[in-house]
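Okay, here's what each chain looks like letter by letter:
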Amino acid sequence: MQFMLLFSRQGKLRLQKWYVAHPDKLKKKITRELITTILARKPKMSSFLEWKDLKVVYKRYASLYFCCAIEQKDNELLTLEIIHRYVELLDKYFGSVCELDIIFNFEKAYFILDELLLGGEIQETSKKNVLKAIAAQDLLQEVSYGDTSIEL
Amino acid sequence: MASCARIWESSQCVFFMRENEEEWLIQDCLRLVKGKLCEPSTKPSTIIKCLAFSIFSELSGYKAEFAYIHAVKLAQYGSLAEKKMGYLACAFLLRECDSLSVLLVNTIFRDLTSKNMYVVAMALSASCHLVSPDQVTVLLPVLEEKLKHPSEYVRSKAVIVLHHFCRVSPQLCLQYANQVKVMVGDRDPGVVAHVLQFLIDVAEDLPGVVMDVMSALVQIQNQILDGKLPHEYTYKGLHAPWMQISIIRLLQYLQEPSMDIYMLIQKTLQNAMPQMQNYIGSAIVCECIATLVKHKAGDEMLASALLCVVDLMGSTSSNLRYEGLSLLEKVLEQYRLPLSPAQQDVVLSSLCHPDQAMKRRTLSLLCTMAEAHNVEIVCTQVADYVRDHCAHNPYIQHDLISRALALTDRFQNSQTHWHIAALIRLLPLAQDKQAKAIQRRIQLTLLAGSGNLEDIIVARSKVLHILAKYAESKTVSTSVIEVYVWCLSQFCGAKVDDGQQVLEKLVSLGCKVLRNQEPSNVSQGIQNLLISIIHSASHVAEKCGTTISSLEELLQEIMKSHLADAYLRHTCLELLASLPHISVIHRALQRSIRSEKQFDFTLSFVDKFVCESLAANAMPYQPKLLHIAVPVPEMTSLPSDSMTAPPDTVALPSTCPSPVSSGTSSIIDFPRSESFSSEDSKSWSLRSPQKEDILAKPLWSREGRTKNVDPFVYVGHKDQLAVVTSDSEMQHLASLLFNRQEPGAAGEETSQGDPLDELLNKDFQKLSVLKSERS
Numbered sequence: 001m002q003f004m005l006l007f008s009r010q011g012k013l014r015l016q017k018w019y020v021a022h023p024d025k026l027k028k029k030i031t032r033e034l035i036t037t038i039l040a041r042k043p044k045m046s047s048f049l050e051w052k053d054l055k056v057v058y059k060r061y062a063s064l065y066f067c068c069a070i071e072q073k074d075n076e077l078l079t080l081e082i083i084h085r086y087v088e089l090l091d092k093y094f095g096s097v098c099e100l101d102i103i104f105n106f107e108k109a110y111f112i113l114d115e116l117l118l119g120g121e122i123q124e125t126s127k128k129n130v131l132k133a134i135a136a137q138d139l140l141q142e143v144s145y146g147d148t149s150i151e152l
Numbered sequence: 001m002a003s004c005a006r007i008w009e010s011s012q013c014v015f016f017m018r019e020n021e022e023e024w025l026i027q028d029c030l031r032l033v034k035g036k037l038c039e040p041s042t043k044p045s046t047i048i049k050c051l052a053f054s055i056f057s058e059l060s061g062y063k064a065e066f067a068y069i070h071a072v073k074l075a076q077y078g079s080l081a082e083k084k085m086g087y088l089a090c091a092f093l094l095r096e097c098d099s100l101s102v103l104l105v106n107t108i109f110r111d112l113t114s115k116n117m118y119v120v121a122m123a124l125s126a127s128c129h130l131v132s133p134d135q136v137t138v139l140l141p142v143l144e145e146k147l148k149h150p151s152e153y154v155r156s157k158a159v160i161v162l163h164h165f166c167r168v169s170p171q172l173c174l175q176y177a178n179q180v181k182v183m184v185g186d187r188d189p190g191v192v193a194h195v196l197q198f199l200i201d202v203a204e205d206l207p208g209v210v211m212d213v214m215s216a217l218v219q220i221q222n223q224i225l226d227g228k229l230p231h232e233y234t235y236k237g238l239h240a241p242w243m244q245i246s247i248i249r250l251l252q253y254l255q256e257p258s259m260d261i262y263m264l265i266q267k268t269l270q271n272a273m274p275q276m277q278n279y280i281g282s283a284i285v286c287e288c289i290a291t292l293v294k295h296k297a298g299d300e301m302l303a304s305a306l307l308c309v310v311d312l313m314g315s316t317s318s319n320l321r322y323e324g325l326s327l328l329e330k331v332l333e334q335y336r337l338p339l340s341p342a343q344q345d346v347v348l349s350s351l352c353h354p355d356q357a358m359k360r361r362t363l364s365l366l367c368t369m370a371e372a373h374n375v376e377i378v379c380t381q382v383a384d385y386v387r388d389h390c391a392h393n394p395y396i397q398h399d400l401i402s403r404a405l406a407l408t409d410r411f412q413n414s415q416t417h418w419h420i421a422a423l424i425r426l427l428p429l430a431q432d433k434q435a436k437a438i439q440r441r442i443q444l445t446l447l448a449g450s451g452n453l454e455d456i457i458v459a460r461s462k463v464l465h466i467l468a469k470y471a472e473s474k475t476v477s478t479s480v481i482e483v484y485v486w487c488l489s490q491f492c493g494a495k496v497d498d499g500q501q502v503l504e505k506l507v508s509l510g511c512k513v514l515r516n517q518e519p520s521n522v523s524q525g526i527q528n529l530l531i532s533i534i535h536s537a538s539h540v541a542e543k544c545g546t547t548i549s550s551l552e553e554l555l556q557e558i559m560k561s562h563l564a565d566a567y568l569r570h571t572c573l574e575l576l577a578s579l580p581h582i583s584v585i586h587r588a589l590q591r592s593i594r595s596e597k598q599f600d601f602t603l604s605f606v607d608k609f610v611c612e613s614l615a616a617n618a619m620p621y622q623p624k625l626l627h628i629a630v631p632v633p634e635m636t637s638l639p640s641d642s643m644t645a646p647p648d649t650v651a652l653p654s655t656c657p658s659p660v661s662s663g664t665s666s667i668i669d670f671p672r673s674e675s676f677s678s679e680d681s682k683s684w685s686l687r688s689p690q691k692e693d694i695l696a697k698p699l700w701s702r703e704g705r706t707k708n709v710d711p712f713v714y715v716g717h718k719d720q721l722a723v724v725t726s727d728s729e730m731q732h733l734a735s736l737l738f739n740r741q742e743p744g745a746a747g748e749e750t751s752q753g754d755p756l757d758e759l760l761n762k763d764f765q766k767l768s769v770l771k772s773e774r775s
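Chains A and B supply the protein sequences, listed in that same order.
What the first sequence shows, in this note's numbering, is residues 1 to 152, in sequence order.
What the second sequence shows, in this note's numbering, is residues 1 to 775, in sequence order.
Source of the hints: derived by calculation from the structure; they are not laboratory data.
You may find that some hints are simply not true.
[What the hints assert, rightly or not] With a straight-line Cα cutoff of 27 Å, these simulated BS3-like cross-link-like pairs (lysine-lysine) come out:
| # | chain 1 | residue 1 | chain 2 | residue 2 |
| --- | --- | --- | --- | --- |
| 1 | B | 462 | B | 436 |
| 2 | A | 73 | B | 294 |
| 3 | B | 462 | A | 12 |
| 4 | A | 27 | B | 294 |
| 5 | A | 52 | B | 436 |
| 6 | B | 73 | A | 27 |
| 7 | B | 63 | A | 17 |
| 8 | B | 505 | B | 469 |
Small disclaimer: the values here were computed from a predicted structure and weren't measured.
In isolation and in its complexed conformation, chain A is listed as follows (with noise of 0.2 Å):
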């Protein structure tokens, strides 16, 4: 995966994340251009669209557009998968995910996207792994313990 971008429906990016090497002018280029494209496209459209010299995944959660941009020789369903496996996660941590919850904790988005991907690929594809991991760093966060080592 190159990267992931959500954005709600007026355009507003809400996170992203970009996993190869690129210029600020490039990615706000890339971004804005992108954003463009998928919100000009009508809802019974397919999900996938070739967007120069990458694949484009991308589907609509409420008012949020979850959009990765993957290799050509990767595939499509398998990052839709993925998608939706983010969406699982989002929705059993914060309990009922929405719009709001991702804009006033975003950071935690952050985090959770970071156990679910790693350098563009998928690092961990068992949800209750990833919850509970961030449900620990959660409450390391809170009891704020020193450098010991810790047995998960």
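Assemble the complex: chain A is given as a structure, and chain B must be docked to it using the hints.
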């Protein structure tokens, strides 16, 4: 001054404000945040909130560069929770090449050696975002240790980080592939899943590594299918689907799969088929079929796979139908299978689908399955799609045009000349090198197409009419006009009247081009067109031995215009210098054709002058566009009959460019070079558009003139050059694509008109303009 908590709360309301209010509020908050961060007594929890706001403001498009250093400090010195936020902020705000990222490498290295596994995990996650390719070597040794960490949480992340490093610095990291390979036997399925992803990426560079673990992969897949993995890896009724897909993809790298492998793929397919209504089930099915097709599996293996393709194509979900079309294309690349009427209907409906992505996928499929009877309609559909939907997508434009060009090469028809019509349609839609390639194809086909001479002459005449009509359109593509002027010069009669008529057309065209340009607009395309016009005029003048006064006036006007660069002025001067002697040149050329004596067009009588000039560092002549009247790869060694060949096929010597006149243009286009060393100059070698082995021998080198170079090269002709929603529209399309009979046409063969005649009746204004979808 508002406290940070109030800043944070007020910033939440920014989503409901207008843009200028939002900008004012965020900038105001950023000023407060900056102040807070600079205070030495600020609590870490406040710093975290300030950094979160900085990330938010950068996400909204407002820079918060003052926060970067605080993010770095937090990651370096904070407690566990602070370090987590610090790393997140750094990963978001910094790039790998930033100078501040360099400061973090030591922090990451130190954290990787921590006893706290969460600190180690954070450092591993941060490595993927903050370590540049140059600094990878610093972390590799400690990363290697983490591959053996007691916690599977850390081992998984270590494998992923190594995978990431292999992508950014493959030469440094591929040596660790063997250590990762061994981890296929790890006790934790999660770690194994990441190892599989790693192996997929290195499989092409290190096939041996993948071959070593094949038997292990087969065992793992059997365990997965038998449900032996923990329940938490089940997703939508399928056991560890991501791992299954990785394993099936790795099986594509086997050289000669055994029957066990085919049985395993079959078992995986049977397991996933009941879940095809889910995307994940369909994803596994797609991967299995792709692997079977890659290995060119036999009919029995493929039969059940093809049923799945049919199911996907017939699905009501547009995503699954899209995948079905992609899969069908892969199958048809390897196997020539007829489509059933139902499948043909799916293809047709996808071609007319309002979703451009579906249409694009269908076009790609049609290009793969094109046959001689439907290739013309396929190319027409491709051209229409490129014109209507690819104005802002040069990648798809380039890809589709390449595929159409491959079809014109493969299915040329010397009787119908559909391929010439298709090339003319595609030419205005192509850019740069593709446009040049199309021009070459048209020119080669018209000059030396296969089939009898009468057909070629008729085709030339039709093409001239088409291009003449095109030249009268309001909006013209310079690449098409270049072909037009070339055809005018190439195929005009040899009499004086013919020549003067053509010269008048060329001059009129040149004047139109020159006078319609704005003073501020200096386009390379226009300059190339003017050069083509000048070369064509020169060729006609030499062929017919005549000139007209308006040609000299045009050349003078071009030289004085804002469009003229040094090369254009030089070209004009060349022709102006030769026009007074045109009758002499004409007679010399005529004599060279009729006489058996070989003339030395290498101008060896000026060798001494050239040697002395090169020794004095004079710049060698480098024509931008070379003329080949005898097209590559080969032409016939002209029999005596060809001396009475039609006057529109005058052959000029081709091996060496004449320094006086380089004739017509655009066969070979060399980049203008600023270095004028004769050794650097490649203009002596004639690059064939089709084969690289036809090269003229270099004439000059640093040591002087080369001996034994034939002035003429006539070689034998080896191969003859084999010089395309409403119901009724759908039915017509079906009849053209799949040879179906249209209703009402029972018992009659559908006769297709001449493609060139059909093109002549088209509106060129509409054919040549790429439609912008963003109006």
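Now for the hints, and whether the structure bears them out:
no., hint, in the structure
1, 462/B / 436/B, "21 Å, holds"
2, 73/A / 294/B, "14 Å, holds"
3, 462/B / 12/A, "55 Å, violated"
4, 27/A / 294/B, "36 Å, violated"
5, 52/A / 436/B, "22 Å, holds"
6, 73/B / 27/A, "26 Å, holds"
7, 63/B / 17/A, "17 Å, holds"
8, 505/B / 469/B, "13 Å, holds"
In summary, the numbered hints that this structure violates are 3 and 4.
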